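Colleague: From first to last, the protein sequence lines are chains Y and W. If you're matching positions, the first sequence starts at 7 in our numbering and goes up one per residue. If you're matching positions, the second sequence starts at 116 in our numbering and goes up one per residue.
Because the hints were derived from the structure by calculation, they are not lab data.
Derived SDA-like pairs: lysine to any residue, alpha-carbon spacing no greater than 20 Å straight-line:
(1) W:Lys345 with Y:Val326
(2) W:Lys345 with Y:Phe328
(3) W:Lys345 with Y:Ala92
(4) W:Lys345 with Y:Ser87
(5) W:Lys345 with Y:Asn89
Residues of chain W clear of chain Y, computed beta-carbon distances all greater than 12 Å:
(6) Val131
(7) Val138
(8) Ala229
(9) Leu362
(10) Leu417
Label pairs and their computed distance ranges (CB to CB):
(11) W:Val411 with Y:Ser177: 37 to 43 Å
(12) Y:Glu329 with W:Leu156: 40 to 46 Å
(13) Y:Ala57 with W:Phe351: 54 to 60 Å
(14) Y:Arg181 with W:Gly329: 48 to 54 Å
(15) Y:Ala121 with W:Arg359: 55 to 61 Å
Everything numeric in this text was worked out from a predicted model, so none of it was measured. Where a beta carbon is used, it is the ideal one built from N, C-alpha and C, also for glycine.
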Amino acid sequence: MVLIATVLAASPPVIFAVLGETIAEKAGVINLSLDGLLLLTAMVGFAAARATDNLLAGCAAAMAVGALAGLVVAVASLSLSQNQVATGFVLTILCQNLAYVLGGPLSHVPGPQVAHTPVPVLGHWPILGPILFDHDVLVYASILGVAAAWWYMFATRPGLALRGLGERPASAFARGIDVTRLRYAYTLIGGAIVGLGGAAFSLLVKPGWSRPYGIEGTGWIVLAIVIFGNWNPLRGAAGAYLFVLLQTLATTLQSWMPNVPTLVFPTLPFPLMILTLLLVTLGNSEWIQRALGRLPAGTRRGILHVVHVLQTSPPASLGVPFEPE
Amino acid sequence: MSTVAAARSWKALPGVGLIASLVLTAALGAGVLALLGASPLEAYRLIAAGAFGTPQRFTYVLTAWTPLLLCTAGLFLTFAAGLWNIGIEGQVVLGAVFTTGVLRALEHGSPAGAVLLLAACAGILGGALWGAAAGALRVFGNVHEIFGGLGLNFIAGSLTVYLVLGPWARPGIASTSGTLPFGATLWLPVVHAGPLAIPGEVLLGLLALGLVRGAMRGTQFGLRLAAIGKSPRAAFRRGVPIAREMLAACALCGGLAGLAGFVLVTSASSRHQLFPLISGGDGFLAILVALLANRVAFASLLISFFFAAISTGSLQLPLQMQLDSSLSGVIEGMLVLLVLFGQGLGTRLAPRGR
Chain Y
7 MVLIATVLAA
17 SPPVIFAVLG
27 ETIAEKAGVI
37 NLSLDGLLLL
47 TAMVGFAAAR
57 ATDNLLAGCA
67 AAMAVGALAG
77 LVVAVASLSL
87 SQNQVATGFV
97 LTILCQNLAY
107 VLGGPLSHVP
117 GPQVAHTPVP
127 VLGHWPILGP
137 ILFDHDVLVY
147 ASILGVAAAW
157 WYMFATRPGL
167 ALRGLGERPA
177 SAFARGIDVT
187 RLRYAYTLIG
197 GAIVGLGGAA
207 FSLLVKPGWS
217 RPYGIEGTGW
227 IVLAIVIFGN
237 WNPLRGAAGA
247 YLFVLLQTLA
257 TTLQSWMPNV
267 PTLVFPTLPF
277 PLMILTLLLV
287 TLGNSEWIQR
297 ALGRLPAGTR
307 RGILHVVHVL
317 QTSPPASLGV
327 PFEPE
Chain W
116 MSTVAAARSW
126 KALPGVGLIA
136 SLVLTAALGA
146 GVLALLGASP
156 LEAYRLIAAG
166 AFGTPQRFTY
176 VLTAWTPLLL
186 CTAGLFLTFA
196 AGLWNIGIEG
206 QVVLGAVFTT
216 GVLRALEHGS
226 PAGAVLLLAA
236 CAGILGGALW
246 GAAAGALRVF
256 GNVHEIFGGL
266 GLNFIAGSLT
276 VYLVLGPWAR
286 PGIASTSGTL
296 PFGATLWLPV
306 VHAGPLAIPG
316 EVLLGLLALG
326 LVRGAMRGTQ
336 FGLRLAAIGK
346 SPRAAFRRGV
356 PIAREMLAAC
366 ALCGGLAGLA
376 GFVLVTSASS
386 RHQLFPLISG
396 GDGFLAILVA
406 LLANRVAFAS
416 LLISFFFAAI
426 STGSLQLPLQ
436 MQLDSSLSGV
446 IEGMLVLLVL
456 FGQGLGTRLA
466 PRGR
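Just chain W, with the same shape it has in the complex (with noise of 0.2 Å):
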């Protein structure tokens, strides 16, 4: 009876279960810390304080926030259609490149505003086109895009190599650290409210949120991504041509996914040059995002942000800590596991026939 009650509440409340995870979460990453002799309350103060410690601390979150959004709204699109574009690290290093390409071509005698722009559309062409490249290699070719898509990764990631140590090394010294850093003038703006600076790239992330959002209930192509993600062999029965919406939502989840790419070269805060490494796991933290979100926009929006905090945060630790930074990754991963077993004990509790 109470289990059944205790279901019926987790139906109810999503809250319910999100909370619990939350806290055993919390518990969990404590247990990880006293097995390294830390102090778990101290390292989780420090995560708060590096996220909300300062006003120029929370502006960091929000341009780390950004590129989470774009490619949690690209991901919507490819997981609407039953695919797990998990080539997307590899779509926003290719923006990155893409637009690092354009920037470095018209960087002196053009009207910065222009060139911005157009960087930004190369850096859509750029993730839409390896986007693209694992859909393709998904529909036409049988390759699962799991393992499509992970070799692009390593392959746009040996790009980033050589071109960094190659064609566009500083001059003087060619070294991973990363390409010479644009100048202010090709810096994305920054709108001041007080004391907070907010990143205006976060606008850029949340219409996108919003397109997409509007894409998947109120057009065509949405249904149609929906119904494929339902039942392939339905949706072509009734005459959806799967192999082309399947590609389009690879290529603007690629898309999307690029002008993260792009907003991580461009953003105020940022280190304003191309490295190796420059997505930094934001297209796999942004798949955890999607799975967490469940399709619902609004609760992406939140937790983006919340993951943002945590990354942004847990910079700290190893400066004040001697810990590593990927504790925000253990965070994160083990909460949005934690939450799926909930989401399955939800179910399995719940009364049948209802």
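Bound conformation, chain Y alone (with noise of 0.2 Å):
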């Protein structure tokens, strides 16, 4: 019970991380920058919260650092078509030197942070009460943002556009859908989102600022978190919700095992990643069809019904740059 709420409280960074990715994705855009992005709305958010004293500023700031870096991924992607990895990597790169120099006055200096804001009355119900309703508002409105993401884009119009942008481009196109301005609003709004998580790190989950930070590499794995979830925002924040967990478990297994040296544990998600997109992906490969075949139509059927179920697949246009004729 405690351990669900724990890991709800650490939740919100990377459940918006993943939201604000798989939304820009969805659309076709890769914006591979969220590492150092992170990184940098982190630093954002604290300074602009400390500065202002104001925690909806703080937020408000990150969010624009994010669009902005969701900007320069498209401007460079759509407008300029340069490689979306090339850019996205270098933005990665720029972004958390840019932190780092940035951030240096604010090292390990006291400020604002979010407040804890039970829900009235849902707070009191018996066990679900201090699991669901006992947090800080960004928990609750990352686990609304789950929902309204999946609701929008699986159950609106415009939702059903977002997934032809990403899909099939053309024949959005063919219906009269302005698919270079639809992704340039998404991967802002996305870009936007992201930002929101790093607010997340530095006013909630990891208050302040310090060099290393503690979250590098965190960025990867929410991209390779997208991978695992489909592309989907349900199936992402189970994702996110599970690295959360790992993370929560490694740090108690620390605290039982004191031998092991402390820089171990915060590495083992990372041979989990690979083990996980091995996971998802492998029921594409090749050698897997054919090792398939040669077994007895019952456990086929079976083990064909698993790999299935794991199995993602992207966006067919993701990357991909559009040029109407």
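Using the hints, put the two standalone chains together into the complex.
Modeller: Now the structure itself:
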């Protein structure tokens, strides 16, 4: 029970980052700058909140920087037809270093922090109350955000158009949709939501700023979670919660095994990331298909079912520029 | 008319775009410094002095240059095949780990030259194994090399920490500062030219770049890699063994990165030990170099030297101006980003159908 509450409390940054990236990639644009961007927006969010003594201003500043990074990726790839991976990679290095340089004076200084706000009435429910309704605003917002993103993508008309952007931009264009402009919009929105994730780090989960900040690498994990999540907000959120659960467990394990160097546990998620990706992508590979072909029919159907459930496939036009003829 | 002319000159003279990007980078970097209340001119002067102020600092620049050269040479192979070898950082680390292992085992009682040679081979092997692992994940497991490589980077990092604190800890104290430094017999030679001391490993870097350039231009292997990079489907139809060549590119790139790891442990100006974060971003920086050089070996030579100078010079910033040395990363990243934008702009503005 306590564990679930702990995981929920630590999840907003990862959830927001996964949602933001999922939205951008759903529209067909990879924003690879996530790892650096989370650092930069965490630093900016903290700096702005501290300067104005206003948490909303901190979140807004972080979201603005996130949107700006989205704009850079969008301009480079959509208008100037540069490789999205190249732009994103350079941007992640730039953002990370920028965060360290600009954040220098902010290292280890106290600052504002998001307050704890239990939901009245609901918070007093037995069992569910303390788990779900005894948190900070950002936790509630992240849960609602997952639901909202799923509903938008799979139950509304504009959401249908969003999926079309990433799957078949040519037919979206034929239906009169301005593909490039919408991709711009979603890349910016996605970047802003990632920025909110960064702010959720420095204003809630890991208050303050330092170098190294300790979340280095998380952005890459988030990109992997988006793949694991099959570009679906619900499955992505499940992956995010799993990752945070793992981190929480690692911290617990560490206190149980004082002999193992403390720097080893934080790396545990990375081999697991590889294994997970292997699990969800292996089904696509030729030699697995061939190996499965040799199995007896009954076993094969069982395995194929598992493979099919696990398997994920990206939006067909992810990362592919669109040129209306 | 004027934009077309500008675009044409941009295309005709790649230097115009580069100079514009350099100027813009310096201006934006000055903006960042001004935001911190620091004098941009003073900071830039410090960086320049930190790189070229004394003969010794110039030696440090050359020392920082070699790993970049080696990594960039390797990346030419993977980039040619259309692979994003972001795992190069971990490949450097594994090279350093394997090198340290051999040096520790043979440190006493064996001829130093033979030990160094063996250590270099071990470094290459370590990097190649790590590179091949990322390649195998991509080729056989469909795991994109960006994620496979990154995961392997972090695993390499924690392996180093484990070794430095555990089995290879200094007698008495186990701290993350590193393993027991190796003696001067196991340092790479230095060539003295007047007041300058030129680290011998520079030759290795230049040689590697030359060899890779030759392989890319004049061998079947190079042509096949280029074919895969252009269109894997078309290459496959023409009978190019894609899986094998991709694996080979990853392993070779890893091998060169591993050699960079060897140099990081054995260079005369290094710390002569294994320590966490030993690669210090050399692999990532080499990716920026390769992106900027756009497959031109000679360009990569100049760019990597320039980056090595900025990175070395920036180390003076925290000492004398209380600024973070990451300013070098800001400048380097900004420059590459602006050049990418410039290239896009040039293509976009250029008259079509020519």
